[in-house]
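Student: Read top to bottom, the protein sequences are chains A and B. Residue numbers are given in the numbering used here: position 41 of the first sequence equals residue 41, and the series is strictly consecutive. Residue numbers are given in the numbering used here: position 66 of the second sequence equals residue 177, and the series is strictly consecutive.
Each hint should be verified, as a subset may be incorrect.
Below are the DSS-like pairs computed for lysine-lysine, each with C-alpha atoms no more than 27 Å apart in a straight line [what the hints assert, rightly or not]:
| id | chain 1 | residue 1 | chain 2 | residue 2 |
| --- | --- | --- | --- | --- |
| 1 | A | Lys-68 | B | Lys-155 |
| 2 | B | Lys-155 | B | Lys-178 |
| 3 | A | Lys-52 | B | Lys-155 |
| 4 | B | Lys-133 | B | Lys-178 |
| 5 | B | Lys-120 | B | Lys-130 |
| 6 | B | Lys-147 | B | Lys-120 |
| 7 | B | Lys-151 | B | Lys-182 |
| 8 | A | Lys-68 | A | Lys-56 |
| 9 | A | Lys-56 | B | Lys-155 |
| 10 | B | Lys-133 | A | Lys-60 |
| 11 | B | Lys-182 | B | Lys-147 |
| 12 | B | Lys-152 | B | Lys-178 |
If you want the footprint, here are the derived chain B segments under chain A, 3+ residues with CB under 8 Å [stated by the list, open to error]:
| id | region |
| --- | --- |
| 13 | 144 to 155 |
| 14 | 162 to 174 |
These are calculated hints, taken from the structure and not from any lab test. Every residue gets a Cβ at the ideal spot worked out from N, C-alpha and C, and that includes glycine.
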Amino acid sequence: GDSVTQMEGPVTLSEEAFLTINCTYTATGYPSLFWYVQYPGEGLQLLLKATKADDKGSNKGFEATYRKETTSFHLEKGSVQVSDSAVYFCALSGGDYKLSFGAGTTVTVRA
Amino acid sequence: DTAVSQTPKYLVTQMGNDKSIKCEQNLGHDTMYWYKQDSKKFLKIMFSYNNKELIINETVPNRFSPKSPDKAHLNLHINSLELGDSAVYFCASSQQTSATRTDTQYFGPGTRLTVL
Numbered sequence: 001g002d003s004v005t006q007m008e009g010p011v012t013l014s015e016e017a018f019l020t021i022n023c024t025y026t027a028t029g030y031p032s033l034f035w036y037v038q039y040p041g042e043g044l045q046l047l048l049k050a051t052k053a054d055d056k057g058s059n060k061g062f063e064a065t066y067r068k069e070t071t072s073f074h075l076e077k078g079s080v081q082v083s084d085s086a087v088y089f090c091a092l093s094g095g096d097y098k099l100s101f102g103a104g105t106t107v108t109v110r111a
Numbered sequence: 112d113t114a115v116s117q118t119p120k121y122l123v124t125q126m127g128n129d130k131s132i133k134c135e136q137n138l139g140h141d142t143m144y145w146y147k148q149d150s151k152k153f154l155k156i157m158f159s160y161n162n163k164e165l166i167i168n169e170t171v172p173n174r175f176s177p178k179s180p181d182k183a184h185l186n187l188h189i190n191s192l193e194l195g196d197s198a199v200y201f202c203a204s205s206q207q208t209s210a211t212r213t214d215t216q217y218f219g220p221g222t223r224l225t226v227l
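If we strip away everything but chain A, and leave its shape as in the complex, we get (with noise of 0.2 Å):
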């Protein structure tokens, strides 16, 4: 079946670093792929997302591209504020009326 494979946090990064986060995934057919976002306390909020190959989704700074050949969605920001932290979420929908989660990165961000 669908699953989802995200780098193992947690992360912890300094102000205006560099944020990555891996994501790859395992699919039939063509799914679409999205990053959710869990700040402390609250629901998930859809950070991006993409649905078909070579697709870049972007929001807030963030972007992550549609990769078919590495089966892969790796999330990016370029420079980090402490607002950023949270937990990250990879999910892939294969068109089945779900969506299959990744296991979510802790990110925190110091000033």
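Based on the hints, put chain B in the right spot on chain A.
Tutor: For chain B alone, coordinates are given in the frame of chain A:
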């Protein structure tokens, strides 16, 4: 306006009790979901409903019974609560139908259930 709302936000109860969590969406979506997030933050689908019909039941114990009175609501009733049911439960909705391949899911704020 809150797109996907859940009540209650926190629920503390004793083992063996029966409890319900309510979910409502005002996005006009056709499909609604329940997910469970365990203590390690891992998220797993429990149920999917499309137009009030059950689409996915992901090997959830019979003690969990979802009910969808209309497309905008999907409630979760849990009988005979156990310690292992303690988790955060998230409701979500999307516009996914049998004709669309995939669609973005929008999540509620979660209900933190603690079973003592």
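Student: So, for every hint listed, does it hold in this structure?
Tutor: How the hints compare with the structure:
no.	hint	result
1	A:Lys-68 x B:Lys-155	holds, 24 Å
2	B:Lys-155 x B:Lys-178	holds, 19 Å
3	A:Lys-52 x B:Lys-155	holds, 24 Å
4	B:Lys-133 x B:Lys-178	holds, 10 Å
5	B:Lys-120 x B:Lys-130	holds, 13 Å
6	B:Lys-147 x B:Lys-120	holds, 14 Å
7	B:Lys-151 x B:Lys-182	violated, 31 Å
8	A:Lys-68 x A:Lys-56	holds, 12 Å
9	A:Lys-56 x B:Lys-155	holds, 26 Å
10	B:Lys-133 x A:Lys-60	violated, 32 Å
11	B:Lys-182 x B:Lys-147	holds, 21 Å
12	B:Lys-152 x B:Lys-178	holds, 25 Å
13	144 to 155	holds (count 7)
14	162 to 174	holds (count 3)
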